[in-house]
Amino acid sequence: MEFFVSKESAFVRQPRWLLLHTAAVFGFLYLPIVVLIVYSFNGEGVGGFPPRNLTLNWYRILFSDAAIWDSVINSLEVALAAMVIALVFGVPAALALDRAGFPGKALFRRLVLLPLILPGIITGLSLLMLFNITGTKLSLLTIVLGHGTALISVATTEVFAGLRKLDREQEEASLDLGANYWQTFWRVTLPNLKLPIIGAALLIFTLSMDEIAVSFFLIGRDNTLPLEIWGRLRRGITPEINAVSTIIFVFSLATIVLWYRLRMVNQAVPEIAADFAETAAGH
Amino acid sequence: MFSRAYKTAVTAPPLLWVAIFLLLPYALMFCYSFWSVSPAQTIVHSWSFSNYTQLLRVNVYWQTLLRSMWIAARVTFFSLLLGYPLAYFLSFHAGRHKDLLYQLVIIPLWVSYLVRAYAWKTILGSDGVLNTLLQYAHLTRHPVEFLLYSPFAVVLTLTHIYTPFTFLPIYAALEHIPRNLMEASHDLGATPRQTFWKVILPISIPGLLAGATFAFVLSLGDFLAPLLLGGPSGIMISNIVVSLFGAAYNWPLGAAISLVMLVLVVSLLFLSERLEKKWSFS
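These protein sequence lines map, in sequence, to chains C and S. Under the working numbering, the first residue of the first sequence is numbered 2, with each subsequent residue one higher. Under the working numbering, the first residue of the second sequence is numbered 23, with each subsequent residue one higher.
Hints were generated in silico from the structure; no laboratory data involved. One or more of the hints may lead you astray.
As the list claims (entries may be wrong) - Simulated pairs of lysine-lysine, DSSO-like, Cα-Cα distance not exceeding 30 Å:
| no. | chain 1 | residue 1 | chain 2 | residue 2 |
| --- | --- | --- | --- | --- |
| 1 | C | 106 | S | 120 |
| 2 | C | 106 | S | 300 |
| 3 | S | 299 | C | 166 |
| 4 | C | 138 | C | 166 |
| 5 | C | 106 | S | 220 |
| 6 | S | 29 | C | 166 |
| 7 | C | 195 | S | 300 |
| 8 | C | 195 | S | 29 |
| 9 | S | 300 | S | 220 |
| 10 | S | 29 | S | 120 |
| 11 | S | 220 | C | 195 |
What the hints assert, rightly or not - Partial pick of chain C residues on the chain S-facing surface, computed with a CB cut under 8 Å:
| no. | residue |
| --- | --- |
| 12 | 30 |
| 13 | 48 |
| 14 | 101 |
| 15 | 182 |
| 16 | 253 |
Each residue gets a CB set at the ideal place from its N, CA and C atoms; glycine is no exception.
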């Protein structure tokens, strides 16, 4: 036993620089977020050290700013619609990749996952050309189509990972006992995929709420929130932007905590990491 | 086990969608890149290589492309420099705080990209947080100017944004290393340093490649950080594309540049996938 402990500690011994490095990286990652939140309360505007005259005034201005809230509503609608498109096409795509063989399957898999790793400008511009040549007027609908298409990849990756862990015997039993494919899908397959689907839905929703590079090219008359913020940044900056960002951050955080809670029920953290990595690597 | 009808039902709808909204747009981009713009500002649908020859002939295009690649390479380097030791610490030394720290790395991803870039702008500006702090602490008398509207600001901001993305696959790779492999290495007389270079690093190479590819590809195509923080010297290739699709109105030339980027990105993905396969032990 003693031998075992000493063996453990040989590679568990941590160099001091590694601890310092980790602390510094966390500092780097959180500095802008802390600055963002602190200066949303700063009476003197977005610059200047130390922060002075702490106030809730920017939040008060924000709450009576109709343009911002219109764009928030637009973003929520877009995110909801994009989520539906991504799931309606992403879940079957995962099933197809898991269980059907068809010509061009490898190309199909790559194409579906490509928007996840491709810079948004390419997805945005290629769709802009499609809408231009078909005479489609740019509006929130074109943004929905863009987000939906780009985020099918998220639904497919999440659900595909879920399918890989799924026990096919349940579906087999259901079919043997006389249920048809439709019944089996709704009563056996889908309930078993509940967690990956909810996880994908939340992820798609938050990603769409934040998306700007694709929306940038497909925007019509109505702004989404990121584009409204972008327009204001070009005109000059006020802590109102900090205030709205702080509120969105708190909401995203709540969503993510919910997501982790759901996944934590039957998945260990490293597996989530592996999923994310696979998604990131486009596999 | 699954009937033909079932397979068709799950395959056809996504296949159709992907064909219309991904394959067709890429094909259109390809077509556009061979068309041109008439003096009357309409698109001429006749085919030529003139956009591509223009790319090679006009210095500003290929120089900006090279500068974008150089910025993306720096972002990749610094993201790995920050992300790898972070992943190593979390995987091997974080103990019972592992889950918490892991989530702390992820959380910044949920602050909008745009908002984080904007936050850096308020930090780096000449009357921003950092400069006023330096003056407050009497470290400088005049604001340090090179911080904002420079390639430095773009590299810093993009490194901030892509460090968590490089961290994730590296961490996943480290987590998959069987711990008894390291015990074996120790038993056979390797020092911790040797264990790192000969066991841990080689096994984590696929994760490292995935993270590097992600950081490089996404920062290469970025146009918002340069617009917000780059100034004239921080312009990247996507900014040129944006202006060609906007005020400069030359969609065909913009499409040609986009297509060059697309081909570059897809070949990089292909290359990194091949390398990852070569390095993976399973």
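Evaluated hints:
no. : hint          : verdict
1   : 106/C / 120/S : violated (38 Å)
2   : 106/C / 300/S : holds (23 Å)
3   : 299/S / 166/C : holds (23 Å)
4   : 138/C / 166/C : violated (43 Å)
5   : 106/C / 220/S : violated (38 Å)
6   : 29/S / 166/C  : holds (20 Å)
7   : 195/C / 300/S : violated (36 Å)
8   : 195/C / 29/S  : holds (21 Å)
9   : 300/S / 220/S : holds (17 Å)
10  : 29/S / 120/S  : violated (42 Å)
11  : 220/S / 195/C : violated (42 Å)
12  : 30            : holds (5 Å)
13  : 48            : holds (5 Å)
14  : 101           : holds (4 Å)
15  : 182           : holds (5 Å)
16  : 253           : holds (4 Å)
Checked against the numbered hints given earlier, the structure breaks hints 1, 4, 5, 7, 10, 11 and satisfies all the rest.
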